[in-house]
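In my numbering, the protein residues as written are 1 to 161.
Rather than coming from a laboratory, the hints here were simulated on the basis of the structure. Since this is a predicted model, take the numbers as computed values, not measurements. Heads up, a few of these hints could be off.
Beta-carbon label-pair distances, calculated as ranges [to be verified]:
no., residue 1, residue 2, range
1, T26, R106, 24 to 30 Å
2, E153, E69, 48 to 54 Å
3, R95, G139, 20 to 26 Å
Glycine is no exception: its CB is placed at the ideal position from the N, C-alpha and C atoms.
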Amino acid sequence: MVADLAPPETVEGILALFRHRGGRVTASRRLVVRCLLESGTHPTADELVSAVHREDPTVHRSTVYRNLEELERLGVVEHVHLGHGAATYHLATERHGHLVCDRCGRQIEVPEAVFGELARIARDRYGFEVRPRHFAIPGLCHTCAGQEAATAESAPTTTRA
């Protein structure tokens, strides 16, 4: 990051980065960045389009997508796949991985270090660099795993003759 710029997790900090890299700061770009920061979640591009349209329906959908691409290119946001749906976006300063429950859809953010051993094994044994921020690990959350165990315990057993 460039010295003397506002923190990159603020609207003004991100727009200063655009300016510093020779980009223009337009009203629609400012709106996209603001809506992204105010989402408080990991919005999909379509959710971000909806948020922008609530404030200014004249901003074209492609403008939102282009801005997301540029924000990703600048290293401000990252996209992540949290299952079978569309990719979601979050600030790159929020370095974390995701666990997603297959049953209830609960998303759990975990420190990137949780994937350290997996990354080390993939690199050392297979020459592969894992990017754990880009994908989610599917499984069952504590509640759903407990329900599945309870269901399995109460199921009648069958025997073969």
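Here is how each hint holds up against the structure:
no.	hint	result
1	T26 - R106: 24 to 30 Å	38 Å, violated
2	E153 - E69: 48 to 54 Å	50 Å, holds
3	R95 - G139: 20 to 26 Å	21 Å, holds
Checked against the numbered hints above, the structure violates only hint 1.
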